[in-house]
Amino acid sequence: MRAKRVIAVVLSPVAAALAFSPALMTQAVADTTQTSAVSAPHAPDAKSPAKQGTTDGSKAGRTDGENCDYKASYNPSAKKPNYDPAQYSQYKSSYNSAYDSAYNTNFDESACAD
1 MRAKRVIAVV LSPVAAALAF SPALMTQAVA DTTQTSAVSA PHAPDAKSPA KQGTTDGSKA
61 GRTDGENCDY KASYNPSAKK PNYDPAQYSQ YKSSYNSAYD SAYNTNFDES ACAD
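At position 42 of the sequence shown (counting the first as 1) the number is 42 in the UniProt record's numbering, and the numbers step up by one without a gap.
Just to be clear, a hint being listed does not mean it is correct.
[Claimed, not checked] Taking lysine-lysine and the DSSO-like style, the derived pairs with C-alpha atoms no more than 27 angstroms apart in a straight line are: (1) Lys92 to Lys59; (2) Lys71 to Lys59; (3) Lys92 to Lys51; (4) Lys59 to Lys47; (5) Lys47 to Lys79; (6) Lys80 to Lys51; (7) Lys59 to Lys79; (8) Lys51 to Lys71; (9) Lys47 to Lys92; (10) Lys92 to Lys79.
[What the hints assert, rightly or not] DEER-style ranges, computed between Cβ atoms: (11) Asp69 to Ser97: 15 to 21 angstroms; (12) Glu109 to Lys80: 17 to 23 angstroms; (13) Asn75 to Thr105: 37 to 43 angstroms; (14) Pro81 to Lys51: 15 to 21 angstroms.
Hints are computed from structural coordinates only; laboratory data are not their basis.
For every residue, glycine included, the Cβ atom is placed at its ideal position computed from N, Cα and C.
Start from the sequences, fold in the hints, and give me the full structure.
Structure representation (structure tokens):
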């Protein structure tokens with residue numbers, strides 16, 4: 001009988017180490033749990049060069065129109081490194097037309113008279 005107790009005592013630390021090893025625990029948890037399908041939040045869609053030019057030009061034109069400073073905030077070349085030449089052409093064209101439109105809409109001649 002004594003031999004059985006000695007074997008049990010010697011095997012129990014080894015069995016405990018194997019039973020609670022990180023690799024076995026991870027596998028056991030993975031096998032027994034069902035995970036729900038969770039997706040990451042959707043990243044916002046990137047604007048096309050024309051849409052971004054319209055957005056940036058409108059913002060600059062509105063600011064300059066309210067401050068009576070024609071083309072003080074005008075700077076389409078700041079985004080030139082972000083686009084290839086064809087895309088930059090679209091960006092600048094949209095920027096120019098949006099800038100002029102926003103400037104004229106927000107320009108108050110009576111408030112800006114010297």
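The hints, checked one at a time:
1. Lys92 to Lys59: holds, 14 angstroms
2. Lys71 to Lys59: holds, 12 angstroms
3. Lys92 to Lys51: holds, 11 angstroms
4. Lys59 to Lys47: It holds: about 15 angstroms lies between the C-alpha atoms, which stays within 27 angstroms.
5. Lys47 to Lys79: Satisfied, since the Cα-Cα distance of roughly 13 angstroms is no more than 27 angstroms.
6. Lys80 to Lys51: holds, 15 angstroms
7. Lys59 to Lys79: holds, 14 angstroms
8. Lys51 to Lys71: Given pair Lys51, Lys71 holds - Cα atoms ~20 angstroms apart, limit 27 angstroms.
9. Lys47 to Lys92: Holds. Lys47 to Lys92 sits at ~14 angstroms (cutoff 27 angstroms).
10. Lys92 to Lys79: holds, 9 angstroms
11. Asp69 to Ser97: 15 to 21 angstroms: holds, 19 angstroms
12. Glu109 to Lys80: 17 to 23 angstroms: violated, 33 angstroms
13. Asn75 to Thr105: 37 to 43 angstroms: Cβ of Asn75 to Cβ of Thr105: about 20 angstroms, so the range 37 to 43 angstroms is violated.
14. Pro81 to Lys51: 15 to 21 angstroms: Holds - the Cβ-Cβ distance for Pro81 and Lys51, about 19 angstroms, lies within 15 to 21 angstroms.
Hint compliance for this structure: hints 12 and 13 are not met, and every other hint is.
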